Amino acid sequence: MRLNIHRLKKLGSTLLTYFLALVIGLVMAFPLLTLARVSLFRRLDLYAKPIQWIPQTVRWQNYVDVLAPDHIVPIRASITNSFLVAFAAASLTVAITSLAAYAFARLRFPGRNSIQSMLLSVYLLPAMLFLIPIFMIMRPLKLLDTHLSLILPYTVWMTPFVTMILKDFFNTVPEEIEDAAFVDGCSRLGVIWRVVLPLAGPGLVAAWVSAFIMSWNEFLTPLILTSKLKVITTTLGLYTSTYDIELGHMAAAGIYAILPVLILTLVFQRRIEQGIVAGAVKG
Amino acid sequence: MKSFRLPRKNKSISGALSEGMRGSAQRLGPSIGPLERQERRLAYAFIFPALFLIAAMYLVPTLVTFVVSFEPAKMDPNIIQVFDPVNLRQISFDNYLRSFRDPVWLKAMGNTAFYIVVVVVLGMSFSMVTALVLNQSFKGRGFLRALILIPWAVPPIVNGTTWGLIYHADIGTMNGVLRQLGLIHQDLLWLGHPRLALFCVISATIWRLIPFMTLLILAGLQTIPREIYESAEVDGASAVQRFFYITLPNIRMVLLTVVTLLVVWVTKAFDEIWALTKGGPSYGTTVMNLWTYRQSFDFLRFGYGSALAYITVVLMGIVVVVNFLIRRRGEV
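For the protein sequence lines, the chains are U and X, in the order given.
The numbering of the first sequence is this note's numbering, which starts it at -11 and goes up by one.
The numbering of the second sequence is this note's numbering, which starts it at 86 and goes up by one.
Be a bit skeptical, because a hint or two may be false.
Said to hold, decoys possible - Pair by pair, the computed Cβ-Cβ distance ranges are:
1. U/P38 to X/F228: 52 to 62 angstroms
2. X/L191 to U/R127: 45 to 55 angstroms
3. U/R258 to X/L191: 38 to 48 angstroms
4. U/W41 to X/L207: 18 to 28 angstroms
5. U/L(-1) to X/L191: 34 to 44 angstroms
6. X/G415 to U/L187: 32 to 42 angstroms
7. U/V193 to X/L385: 36 to 46 angstroms
8. U/Q44 to X/L191: 31 to 41 angstroms
9. U/A36 to X/R337: 45 to 55 angstroms
10. X/L207 to U/D172: 56 to 66 angstroms
Unchecked claim - The calculated DSSO-like cross-link candidates involving lysine-lysine, where the alpha carbons are at most 30 angstroms apart (straight line), are:
11. X/K192 to U/K(-2)
12. X/K224 to U/K(-3)
13. X/K363 to X/K224
14. X/K363 to U/K130
15. X/K192 to X/K363
16. U/K130 to U/K(-3)
17. U/K216 to X/K363
18. X/K353 to U/K130
Hints were generated in silico from the structure; no laboratory data involved.
What you are looking at is a predicted structure, and each value in this text was computed from that prediction instead of being measured.
A virtual CB, placed ideally from N, CA and C, is assigned to each residue, including glycine.
Just chain U, with the same shape it has in the complex (with noise of 0.2 angstroms):
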């Protein structure tokens, strides 16, 4: 009796937990699924009454039309834009920060504390605080409405983030590998280049990849830094077109600057989420 009461509980159990699996599973995908339904929608069928959740006819076409050279959505030219910038700036902020995370982990020198609590406590500090004097500097420069102009404060704004997911890559690297190498007469420049570098390459593409999807989503910086068509990046792009255009084009958009950064969330999913612990705690 006492087992049959034991087994029911545990019957109970786990019916609740595949149940709170589905509900939780179904509000995680509904923003999605929404974005995804009205991209596949001509605009009449959108506002039919009562509501079709399935078109009768998929209208795959939005996605063609979307991407017209002088389309109101700028799709086309701030994709690759988008794509510029975030890969130089991860690439720029990976070359920095992998330097200076190696020092943290494993340099002594004076103040190693002190930088990193500054590091870490600007990474707190709201964009807007800096925003306003680098646009009062950049403008005139000249510099605003150039790649640069977004490539430099995107890679400043990650540069603590991922100075801290890197630092705690490298405590991962065991040091006897690195002591065995300066045993055998080897420099500490040698054992970078030689051993860790090596030994890094996987946290260090993670990092890149951290970087790059948190570029590819930055959208105040270039709402302040720039306006012209030539460097408008995807999620600019986007906003400026939210009057008056076909909800399936703008649809279908949002669906073209989400895809690049799911696909690599998706392979890189292990690391991204141990970077967000990682970070977050460190934070």
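Using the hints, position chain X against chain U.
For chain X alone, coordinates are given in the frame of chain U:
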């Protein structure tokens, strides 16, 4: 195995070396060994690029904003103007005093506080349940875990646009779902009413922050040893008791971290509001960050905007310091 290790507590040889040298340096005075000096030089060379960028784009601007916040509210957005004697002579607390008389700013402070409280309460409850579910083993767990991470990849502005499609008065899926369930018979104007619009914006923000909250809480849950639960179960503790007497006390530091980070992130929230309401209707969704932006870049009152940015930083700083104090008390 252990006996083959170096007799030092330090794990690494280089650490042991420099440690030994530091000891001798203390005996002999200020001179340090050539190896350690070399390592220091290398360290500074390594952190220099990062520090230089941080100084150029964070520290210098922070100081400039500080100066601007005491200068006339409306000024030409040009760095030369900031250090123009005409402007420097007019330094005063006007911008800060003005904020107390700015009804929109006061409203924005209230909205921000409300925003934070709702995100913390609703968002963390949802994430706590999600983390508890993900901490069980069940079929489809990997899939759910991937699904949970997705909002992190979605650009916040696209997230805002997407929730705009959900709450759209004519074609929105929220009205569609509620109609289908028979809960409403007339389409709701979600973004037309100040309080309702604020909830819409908050829900979009919560959805975006779920990966952060869930993953952090999950990491906390996974540090609790299973044995504690098993022995509590043997002692007859119910699931609810186990949650309140084992789970919560064990992850309270993690929860504190999450709350602090939420305060920081929610205060920085901008994109969803911009995409959904731009602060309206009747300033119902205007938060501090948004008003700072509008003062600076819509009304070109850079002096006033800088002061508002600094007030935000001070308020945020208080929360971070309180977190730090609680943490120190909890760990001692």
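- Okay, X/L207 versus U/D172 on CB: inside 56 to 66 angstroms? holds, 57 angstroms
- Query: Within 30 angstroms, alpha carbon to alpha carbon, are X/K353 and U/K130?
  - Reply: With a Cα-Cα distance of about 28 angstroms, the restraint between X/K353 and U/K130 holds, given a limit of 30 angstroms.
- Could you see if the CB distance from X/G415 to U/L187 stays within 32 to 42 angstroms? Holds: the Cβ-Cβ distance is about 36 angstroms, inside 32 to 42 angstroms.
- Hey, X/K363 versus X/K224, does the alpha-carbon distance stay inside 30 angstroms? Between X/K363 and X/K224 the Cα gap is close to 42 angstroms, so the pair fails against 30 angstroms, i.e. violated.
- CB of U/L(-1) to CB of X/L191, is that within 34 to 44 angstroms? Roughly 55 angstroms apart at Cβ, these two residues miss the hinted range, so it is violated.
- Query: Taking 30 angstroms as the top limit, are the C-alpha atoms of U/K130 and U/K(-3) close enough?
  - Reply: violated, 69 angstroms
- Query: Holds or violated: 38 to 48 angstroms for the Cβ distance of U/R258 and X/L191?
  - Reply: holds, 46 angstroms
- Regarding the pair U/K216 and X/K363, is the alpha-carbon distance no greater than 30 angstroms? holds, 21 angstroms
- Query: Okay, U/A36 versus X/R337 on CB: inside 45 to 55 angstroms?
  - Reply: holds, 51 angstroms
- Message: For a C-alpha distance cap of 30 angstroms, please report whether X/K224 and U/K(-3) respect it.
- Response: Given pair X/K224, U/K(-3) holds - Cα atoms ~19 angstroms apart, limit 30 angstroms.
- Below or equal to 30 angstroms on CA atoms is what counts here, so check X/K363 against U/K130. Holds, because 29 angstroms separates the two Cα atoms, which is no more than 30 angstroms.
- How does the Cβ-Cβ distance of U/W41 and X/L207 compare with 18 to 28 angstroms: does it lie in that range? 27 angstroms Cβ-Cβ, so the 18 to 28 angstroms window holds.
The structure is inconsistent with the numbered hints 1, 2, 5, 8, 11, 13 and 16, although it conforms to all the rest.
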